[in-house]
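Visitor: Listed below, chain by chain, are the residues.
2 protein chains.
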Amino acid sequence: MISTLSMIKYDFENSVGFVVNTTAKAFQRSFDVELRKNVGVSLSQWRVVGTLVLQPGLTQKEIADKVGIEGATLVPIIDKMEKEGLLKRKPDSSDRRINRIYLTPKADSLWESMIECALRIRKHSAKNISESDIQITLETLRKISKNLVAFSDLDKTIIPVKKTHRMN
Amino acid sequence: MISTLSMIKYDFENSVGFVVNTTAKAFQRSFDVELRKNVGVSLSQWRVVGTLVLQPGLTQKEIADKVGIEGATLVPIIDKMEKEGLLKRKPDSSDRRINRIYLTPKADSLWESMIECALRIRKHSAKNISESDIQITLETLRKISKNLVAFSDLDKTIIPVKKTHRMN
DNA sequence: TTTATATCATTAGTATACTAATGATTAGTA
DNA sequence: TACTAATCATTAGTATACTAATGATATAAA
Chain X
1 MISTLSMIKY DFENSVGFVV NTTAKAFQRS FDVELRKNVG VSLSQWRVVG
51 TLVLQPGLTQ KEIADKVGIE GATLVPIIDK MEKEGLLKRK PDSSDRRINR
101 IYLTPKADSL WESMIECALR IRKHSAKNIS ESDIQITLET LRKISKNLVA
151 FSDLDKTIIP VKKTHRMN
Chain G
1 MISTLSMIKY DFENSVGFVV NTTAKAFQRS FDVELRKNVG VSLSQWRVVG
51 TLVLQPGLTQ KEIADKVGIE GATLVPIIDK MEKEGLLKRK PDSSDRRINR
101 IYLTPKADSL WESMIECALR IRKHSAKNIS ESDIQITLET LRKISKNLVA
151 FSDLDKTIIP VKKTHRMN
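Protein chains in written order, with full-length UniProt numbering: chain X, 1 to 168; chain G, 1 to 168.
Everything labelled a hint here was simulated from the structure, so no lab data went into it.
Errors might be hidden in some of the hints.
Only part of the chain X face toward chain G is listed, based on derived beta-carbon distances under 8 angstroms [stated by the list, open to error]:
1. Ser15
2. Val16
3. Gly17
4. Lys61
5. Val67
6. Gly71
7. Thr73
8. Val75
9. Pro76
10. Ser125
11. Val149
Every beta carbon over 10 angstroms from chain X, so not counted as near; a handful from chain G, in silico [to be verified]:
12. Ile8
13. Gln60
14. Val75
15. Asp79
16. Lys83
17. Glu84
18. Asp92
19. Ser94
20. Arg96
21. Arg97
22. Asp108
23. Glu112
24. Ser125
25. Ala126
26. Asp133
27. Glu139
For every residue, glycine included, the Cβ atom is placed at its ideal position computed from N, Cα and C.
Put together the whole structure using the sequences plus the hints.
Guide: Next up, the structure:
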């Protein structure tokens, strides 16, 4: 059985969610290609390195929270990075449940070229756009994120369940 | 060996790429939760349904292009949706390589509640933001996407390789 | 102090993304 | 026409995301 009804249309092109997602995908693709080509690291590895440059010795849980993924998702990423010699797990002496993660000199030496990639993407992405429009966009997106988080938290407060989001 | 050097810092918070990605993730999470709770479909299923509502009978390749994923990625998504009775593969009579995909009445009947979810997210995300800021943001993001695609295409033209982006 | 609860990292299972390779079929060229 | 190219859907292999469950440990409560 196949539908023949005329359906209500949804205006994707003018939806902020749609446009934000398209733009995010464009950033991810360009940046990932740039990082692989020039540095030999992936986008998810950039995120971990960027976090640890600011705060060395974070636990896996802390890194996951800052990057915005689940702890379980981070495990194989850390596994691979440790195998590739980009970082090292160090068991904490006072709390044996946790690992503290430290970048190796190899990762350190790659950090500058990673930043160059980031700045290159940043420069090209902003071509022919006024600085004031960039600032308005940044501020608007920050407000939107805050609104969405508040909306999700609202749901959680009404019925106090565990976690309920799945990305697939 | 562990790094002790003072590293150059990268200003994530003021990077458009970082903020766009954070916002996209917030949209994806809220919308996915909303769709599952109220309709029982996933975000990727919403994308496929939304595409087919506008143009019934697209091939898998065409859907993949519109959604912005690879054809291979779409296969298991279509598999699952067919199994769940949301759509049907129909072999094309004049070109036996392709399937044409049609929504079932079941999917049609869910479309309105999907739109309600989308509008709900949209309303909450825009709370306390002026319409003119939303419009500037939309226009700026469209320009950024265009710039990034142009930048990627530039790379491809210089060295005519196959495809080179990988999302991990 | 003993018991219950919470936390961290890991594993298992599933979904979604990619590339590369395959088979079937079509289109283009010699 | 026959041969080569290209195209579509699929499969296999890998990476990244999630939830749920596990074991080890730490904290809180009785």
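Visitor: Would you mind marking each hint as holding or not holding in the structure?
Guide: Now for the hints, and whether the structure bears them out:
Interface restraint check for serine 15/X: the shortest CB-CB distance to chain G comes to about 6 angstroms, inside 8 angstroms, so the restraint holds. Taking 8 angstroms as the C-beta cut-off, the interface hint given for valine 16/X holds, the closest approach to chain G being about 6 angstroms. A distance limit of 8 angstroms between C-beta atoms decides the matter here; for glycine 17/X the minimum to chain G is near 4 angstroms, and the interface restraint holds. Taking 8 angstroms as the C-beta contact cut-off toward chain G, the hint placing lysine 61/X at the interface is violated, the least distance being around 18 angstroms.
The interface hint given for valine 67/X is broken, as the beta carbon of that residue sits about 10 angstroms from the closest beta carbon of chain G, more than 8 angstroms. For glycine 71/X, the interface hint is violated, since its Cβ never comes within 8 angstroms of a Cβ in chain G; the closest pair sits about 17 angstroms apart. A distance limit of 8 angstroms between C-beta atoms decides the matter here; for threonine 73/X the minimum to chain G is near 12 angstroms, and the interface restraint is violated. For valine 75/X, the interface hint is violated, the least distance from its beta-carbon to any beta-carbon of chain G being 15 angstroms, above 8 angstroms.
A hinted interface residue such as proline 76/X counts as satisfied when its beta carbon comes closer than 8 angstroms to some beta carbon of chain G; here the least separation is about 10 angstroms, so the hint is violated. For the restraint placing serine 125/X at the interface with chain G, the shortest Cβ-Cβ distance is roughly 5 angstroms, inside the 8 angstroms limit, so the hint holds. Interface hint status for valine 149/X: upheld, as the beta-carbon distance to the closest one in chain G is roughly 6 angstroms, under 8 angstroms. For isoleucine 8/G, the condition that its CB be more than 10 angstroms from all CB atoms of chain X is violated, with the nearest at approximately 6 angstroms.
With a closest Cβ-Cβ approach of about 17 angstroms to chain X, glutamine 60/G is found to remain outside the 10 angstroms limit, as its non-interface label requires. Distance check on valine 75/G: its Cβ is at least 15 angstroms (rounded) from any Cβ of chain X, clearing the 10 angstroms threshold; non-interface status holds. Non-interface call for aspartate 79/G relative to chain X: holds, since the shortest CB-CB distance, roughly 14 angstroms, exceeds 10 angstroms. Residue placement check: lysine 83/G keeps its beta carbon more than 10 angstroms from all beta carbons of chain X (closest about 15 angstroms).
Distance check on glutamate 84/G: its Cβ is at least 14 angstroms (rounded) from any Cβ of chain X, clearing the 10 angstroms threshold; non-interface status holds. The Cβ of aspartate 92/G sits about 14 angstroms from the closest Cβ of chain X, beyond the 10 angstroms cut-off, so the non-interface label holds. For serine 94/G, the requirement that its beta carbon stay farther than 10 angstroms from each beta carbon of chain X is met, with the minimum near 18 angstroms. Look at arginine 96/G: its CB is around 20 angstroms from the nearest CB on chain X, clear of 10 angstroms, so calling it non-interface holds up.
The beta carbon of arginine 97/G is kept farther than 10 angstroms from every beta carbon of chain X, the shortest such distance being approximately 21 angstroms. Under the 10 angstroms C-beta cut-off, the non-interface status given to aspartate 108/G relative to chain X is violated; the minimum distance is some 4 angstroms. With a least beta-carbon separation of about 6 angstroms from chain X, glutamate 112/G fails to lie farther than 10 angstroms from that chain, contradicting its non-interface assignment. Chain X draws serine 125/G into its interface by the beta-carbon criterion, the shortest separation being 5 angstroms against a cut-off of 10 angstroms.
With a cut of 10 angstroms on Cβ distances, alanine 126/G falls inside the contact zone with chain X, its closest approach being about 7 angstroms. The beta carbon of aspartate 133/G is not kept farther than 10 angstroms from every beta carbon of chain X, the shortest such distance being approximately 5 angstroms. Consistency note on glutamate 139/G: stated as away from chain X, yet its beta-carbon is not over 10 angstroms from all of that chain's, at 8 angstroms minimum.
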